[in-house]
Amino acid sequence: MLLAETWETKRILVFALPFALLLVGGVAWLFLRKTFRTRLRVSRALRDDPDINEWLVIFNWSRKVLYVPTIAASFGCALAMLFIAPDDPQSGRIVGGVWLGVFILNFLVDEYEMSVKLLLLTTVVVLLGVLWLLFLDWLDDVFYFFGHLGVRIDAMGYLVIGLLFLMAVVVSWLHGLFYYVAITPNYLNIQVGPTETGEQIAREEYSTRVDTGDFLERLQGFGRIIITFADQRRQPLIFLVGGIAKKAAALESVRGKLAFDRLQPSREGTNRPGHEE
Numbered sequence: 001m002l003l004a005e006t007w008e009t010k011r012i013l014v015f016a017l018p019f020a021l022l023l024v025g026g027v028a029w030l031f032l033r034k035t036f037r038t039r040l041r042v043s044r045a046l047r048d049d050p051d052i053n054e055w056l057v058i059f060n061w062s063r064k065v066l067y068v069p070t071i072a073a074s075f076g077c078a079l080a081m082l083f084i085a086p087d088d089p090q091s092g093r094i095v096g097g098v099w100l101g102v103f104i105l106n107f108l109v110d111e112y113e114m115s116v117k118l119l120l121l122t123t124v125v126v127l128l129g130v131l132w133l134l135f136l137d138w139l140d141d142v143f144y145f146f147g148h149l150g151v152r153i154d155a156m157g158y159l160v161i162g163l164l165f166l167m168a169v170v171v172s173w174l175h176g177l178f179y180y181v182a183i184t185p186n187y188l189n190i191q192v193g194p195t196e197t198g199e200q201i202a203r204e205e206y207s208t209r210v211d212t213g214d215f216l217e218r219l220q221g222f223g224r225i226i227i228t229f230a231d232q233r234r235q236p237l238i239f240l241v242g243g244i245a246k247k248a249a250a251l252e253s254v255r256g257k258l259a260f261d262r263l264q265p266s267r268e269g270t271n272r273p274g275h276e277e
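Under the numbering used here, think of the first position of the sequence shown as 1, with each following residue one higher.
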């Protein structure tokens, strides 16, 4: 009886542990939120600054964000296995084949940089391969082989795969809250932590360029913004960013402007402008 009561107590404690951690995290955020210098807070400050009309805040996405089609396919296949093909092995293999095809395409996008020229060359090679198999009358055998690989995952398996990839994307977004750069007409601010730890670099000390050479990444709306420094000892900063078309236009606009402080009215008894704590 005592053992059973002890086990029930342990179960209650284990069940309550996640909620206790959430409560502790919420309390910590309540007391420390004013000390956090997040990307969102900096964006609001720049937006409210009357002396700055153009700015850009970016962070580096993990390459796992390119697996968004795989994440969507995983959740879709999980629903299919629950409602369409729960007990039909053949339908389960078809669902598995669709998921495997999406994953392989996503893997190729992640692993290889595919320019338009290389993509056209690859398409031509694949078409020539299909014609060669068709000429040798082997095409049906190839389709039969891939159709009977027996790729079958249950609904929970698809759900776990989708959640794992999604977790990597969410962690990347959270990391980008504290590790980012803010580009204004006059300076570049590099933020490297949750507080005010950062570095400001004057506009003439760095240069920027946009790289959208990977055609498949560009189809998903991603590209790279590369920041190089006049000091050759500093390594370039490379950011994988989403919405690259808007980001590139904003970057061009920011780099093409200079910002000047507004003339503040003089106050009696004030020696010079400044900030007083």
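Some hints here could point you the wrong way.
[Said to hold, decoys possible] In silico lysine-lysine, DSS-like type, Cα no more than 25 Å apart, as pairs: (1) Lys-247 - Lys-257; (2) Lys-257 - Lys-246; (3) Lys-64 - Lys-246; (4) Lys-247 - Lys-64.
By construction, these hints were calculated from the structure, which means they are not laboratory data.
We went through each hint and held it up to the structure:
1. Lys-247 - Lys-257: holds (16 Å)
2. Lys-257 - Lys-246: holds (17 Å)
3. Lys-64 - Lys-246: holds (21 Å)
4. Lys-247 - Lys-64: Holds. Lys-247 to Lys-64 sits at ~20 Å (cutoff 25 Å).
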